[in-house]
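Residue numbers (our numbering), protein chains in the order written: chain A, 1 to 391; chain B, 392 to 679.
Simulated from the structure, these hints should not be mistaken for laboratory data. Remember, predicted model here, so these are calculated numbers, not experimental data. Built from N, CA and C at the ideal position, the CB exists for glycine as well. It is possible that part of the hints are untrue.
Said to hold, decoys possible - 20 Å max Cα-Cα, derived SDA-like pairs, lysine to any residue: (1) A:150 / B:445; (2) A:150 / B:446; (3) A:264 / A:200; (4) A:91 / B:444; (5) A:91 / A:264; (6) A:91 / B:422; (7) A:91 / B:571; (8) A:150 / B:514; (9) A:264 / A:134; (10) A:264 / A:355; (11) A:91 / A:3; (12) A:150 / B:447; (13) A:91 / B:429; (14) A:264 / A:288; (15) A:150 / A:115; (16) A:91 / B:519; (17) A:150 / B:519; (18) A:264 / A:289; (19) B:446 / A:147; (20) A:264 / A:150; (21) B:446 / A:145.
Said to hold, decoys possible - Derived coverage of chain B by chain A (criterion: at least 3 residues anywhere in the stretch with Cβ under 8 Å from a Cβ of chain A; other residues may be distant): (22) 426 to 438; (23) 468 to 480; (24) 578 to 591; (25) 598 to 605.
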Amino acid sequence: MSPDGTITATRIWKRFRADRRHAMLRHQIETLRRRMKGKASPWRWALRDVDFCIEPGESVGLFGPNGSGKSTLLKILCRVMVPDAGTLEVKGRVGALIEVSSGIHPQLSGRENVFFYGSLLGLSRREVAQRFDAIVDFAEIENAIDRQVKFYSSGMRMRLGFAVAAFLDPDILLVDEVLAVGDTAFQQKCLDRMRAVLDEGATLVFVSHDLASVEASCTRGVWLQDGVLRQDGPIAESLGAYRRSIEEAAEVLPSVGGQVNVRKVSISGPGGARPSSQEALEISLILESQTARPGSLCLGISEGPATPIFVVRRELHLVEGEMEIRCAISVLPLPRGRFYLWLAIQDWGDPLPWHPAAHFDVDGPDLDIPPHAVARMSPVHVNASWELDSR
Amino acid sequence: MALSDSTVDLGLLEEPPAEIRYRRVVHPLGALGELYRSRELVFTLAEREIRARYKQSSLGMSWTVLTPVLLMIVFTLFFRRVADVDTGGAPYAVFAYIGLLPWTFFSSSVSNGGQSLVTNASLLNKVYCPREVFPLSSIGVSAVDGVISTVILGVLFLIYGVMPEPETAWVPVLLAVQLAFTTGVTLIISSVLVYLRDLRQALPMVLQLGLFASPVAYGIEAIPESYRFVYAIANPLGPVIDGYRRTVLDGQAPQWEFLAPAAVSAFVVLVVGYLLFKRLETRFADVA
Chain A
1 MSPDGTITAT RIWKRFRADR RHAMLRHQIE TLRRRMKGKA SPWRWALRDV
51 DFCIEPGESV GLFGPNGSGK STLLKILCRV MVPDAGTLEV KGRVGALIEV
101 SSGIHPQLSG RENVFFYGSL LGLSRREVAQ RFDAIVDFAE IENAIDRQVK
151 FYSSGMRMRL GFAVAAFLDP DILLVDEVLA VGDTAFQQKC LDRMRAVLDE
201 GATLVFVSHD LASVEASCTR GVWLQDGVLR QDGPIAESLG AYRRSIEEAA
251 EVLPSVGGQV NVRKVSISGP GGARPSSQEA LEISLILESQ TARPGSLCLG
301 ISEGPATPIF VVRRELHLVE GEMEIRCAIS VLPLPRGRFY LWLAIQDWGD
351 PLPWHPAAHF DVDGPDLDIP PHAVARMSPV HVNASWELDS R
Chain B
392 MALSDSTVDL GLLEEPPAEI RYRRVVHPLG ALGELYRSRE LVFTLAEREI
442 RARYKQSSLG MSWTVLTPVL LMIVFTLFFR RVADVDTGGA PYAVFAYIGL
492 LPWTFFSSSV SNGGQSLVTN ASLLNKVYCP REVFPLSSIG VSAVDGVIST
542 VILGVLFLIY GVMPEPETAW VPVLLAVQLA FTTGVTLIIS SVLVYLRDLR
592 QALPMVLQLG LFASPVAYGI EAIPESYRFV YAIANPLGPV IDGYRRTVLD
642 GQAPQWEFLA PAAVSAFVVL VVGYLLFKRL ETRFADVA
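Using the sequences plus the hints, can you model the full thing?
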């Protein structure tokens, strides 16, 4: 018998329907008819042969691009979904810190909801009563606890849902993108709570696109890509491999929408040196367009594949042929680390989406923060000046 | 695509090998044990439903008894005039109401419990619990309604000066059959509706037909004696309703030759329903 907090996943496979069939009688009849004719239904494998074992007390970060199967894997871990093949053994109480306003009944008061939601998550009434004050305190709704939830703000409702889940005292804590909800203070609170649970010896599985907070919270990294486990190892190695794969994708100079090609990208600090914090940064691009057209060029800087930290934009008139564009940013508001440059061109026709264009390293001090506390970097404004040359 | 190339390089299979494919094996005892551990959740969900309902309505509890009482009045005013119903000497209002009690319990359980998984789909997708807690808690709500409606029966007894006979002691047996059949049907409907959502539209109509296929407005004598055995198997509620009237109003023992097959049928429906539910349960979250 393995101790509480152990997860053993052996060759997990999971598939979903790839067609647009709904759960209706006529569709089921159609499916049956196809099956009789010997035609298989189209399926898409969301997880393929995923194999891992997590020991009690480990903190595992799960990352990968959208659609790579992270959330499906998490649903399988909390037993909401059953894999199509393979076996999964989960020991101990599983708590999931996921967005769960669906369990909150709008007609009932906050107090009633805490009890109902708690028992939905597997707590007995006595256990909820013991934690009640801590939950209310965490959700910051002391004054509104006896008010009907339909009169809560959506933020209060969300905090209430989270607070109950946060006090489950699980052996295994599953966290799916906490940072996507709530204001910064509450996000920080959730992260702190997550670490407190971790310090009590719980196992953590943390899914996020925010690679910085994954790196700060986890010791082991699992990289999923297209439902396949690409790398599983110490967090620095897995994240490094994942980042390199994003870079490789970025190194193929993008052709934006097939009409604009990026010929050259260079990013440098003052006087051609490496970029560094709080110094100037110059981005120079050579774009080649098939047609002359007006549009606006957007450059975004991100940390990992998440929301850009800042975006600069410039209206321009693309000429047929090559065009050199230089964008100078007077003060670079980034700490030390690796960042990505994204490029998009919007014109009056169809907007051309974001494409990764390059990556660069920034020298400078680390973020001045206590260990294990990561504040999400929010969008910032930067001043940029532009120079355009058509050749 | 670069990625599919690399997956081929890793020597990955396109499909899982047959020997590791998941096969659903239902362990009834294990499932029941898990359900027992979640019993508090069933009560909590039912309580949540009842509380929320009474917060939304100013008439409160009176809504609960409205359905059977109104149907009773309609039946008394109209049905009795067109069809000559043999009530065995009991006032028709009492006769009809005593049949409406189990019927209302059945119909509201099947209707609310049957849709409980679909309406709670967002929860099914996020939180794990034995899935039968949702239909079971709906049945619990209907049971509370049933108890409240029974109070009206007492009022009717007072109005018409009828006294329940000592044979009322048989009621727990009848209740067990009623409960087993109701639970079985609710479990079947709820699990099937997840996959066949359009049947949800047909549910009220089927229940409406069921009201007239059961001896609620009329007595079981309306069904020819030679068909009654088959009828008892097809609709266990028939002998149950007849049993209530027979024991409470007429002071007779239940008609065992019909109640026994009804009881067997009801328990078969319960067992089949539970196994079907546990079998279909694994894919609820995929399609919900």
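Structure-based check of all given hints:
1. About 15 Å separates the Cα atoms of residue 150 of chain A and residue 445 of chain B, which keeps this hinted pair within 20 Å; it holds.
2. Among the hinted pairs, residue 150 of chain A with residue 446 of chain B is consistent with the structure: their alpha-carbon atoms are about 12 Å apart, no more than 20 Å.
3. Of the pairs offered as hints, the one joining residue 264 of chain A and residue 200 of chain A is violated, with about 51 Å between alpha carbons and a cut-off of 20 Å exceeded.
4. Pair hint residue 91 of chain A plus residue 444 of chain B does not hold up; C-alpha atoms about 38 Å apart against a cutoff of 20 Å.
5. Pair hint residue 91 of chain A plus residue 264 of chain A does not hold up; C-alpha atoms about 53 Å apart against a cutoff of 20 Å.
6. Between residue 91 of chain A and residue 422 of chain B the CA atoms are separated by roughly 18 Å; this keeps the pair inside 20 Å, and the hint holds.
7. For the hint linking residue 91 of chain A to residue 571 of chain B, the alpha-carbon distance of about 34 Å lies beyond 20 Å, and the restraint is violated.
8. Taking the CA atoms of residue 150 of chain A and residue 514 of chain B, the gap is near 18 Å; set against the 20 Å cutoff, the hint holds.
9. A threshold of 20 Å between alpha carbons decides the hint, and for residue 264 of chain A with residue 134 of chain A the separation of about 56 Å lies outside it, so the pair is violated.
10. The straight-line distance between the Cα atoms of residue 264 of chain A and residue 355 of chain A is roughly 14 Å, inside the 20 Å bound, and the hint therefore holds.
11. Among the hinted pairs, residue 91 of chain A with residue 3 of chain A is consistent with the structure: their alpha-carbon atoms are about 7 Å apart, no more than 20 Å.
12. About 12 Å separates the Cα atoms of residue 150 of chain A and residue 447 of chain B, which keeps this hinted pair within 20 Å; it holds.
13. Taken as a hint, the residue 91 of chain A and residue 429 of chain B pair is honoured in the structure, with Cα atoms around 18 Å apart against an allowance of 20 Å.
14. For the proposed pair residue 264 of chain A and residue 288 of chain A, the alpha carbon gap of about 10 Å is at most 20 Å, so the pair holds.
15. For the suggested pair residue 150 of chain A and residue 115 of chain A, the alpha carbons sit about 17 Å apart, so the restraint of at most 20 Å is met.
16. Restraint check for residue 91 of chain A and residue 519 of chain B: the C-alpha separation of about 15 Å stays at or below 20 Å, so the hint holds.
17. Proposed proximity of residue 150 of chain A and residue 519 of chain B is contradicted: the alpha carbons are some 25 Å apart, above 20 Å.
18. Between residue 264 of chain A and residue 289 of chain A the alpha-carbon distance is near 13 Å, which keeps this suggested pair within the 20 Å criterion.
19. For the suggested pair residue 446 of chain B and residue 147 of chain A, the alpha carbons sit about 12 Å apart, so the restraint of at most 20 Å is met.
20. The straight-line distance between the Cα atoms of residue 264 of chain A and residue 150 of chain A is roughly 55 Å, outside the 20 Å bound, and the hint therefore fails.
21. A C-alpha spacing of about 16 Å is found between residue 446 of chain B and residue 145 of chain A, which places the hinted pair at or below 20 Å, so the restraint holds.
22. Counting residues of the segment 426 to 438 of chain B whose beta-carbon sits less than 8 Å from any beta-carbon of chain A gives 5, enough to reach three: the coverage restraint holds.
23. Taking a C-beta to C-beta cut-off of 8 Å, the segment 468 to 480 of chain B contributes 0 residues in contact with chain A, too few for the three needed, and the coverage statement is violated.
24. Counting residues of the segment 578 to 591 of chain B whose CB falls under 8 Å from any CB of chain A gives 6; the rule of at least 3 is met.
25. Counting residues of the segment 598 to 605 of chain B whose C-beta lies closer than 8 Å to any C-beta of chain A gives 0; at least three are required, and the coverage claim is violated.
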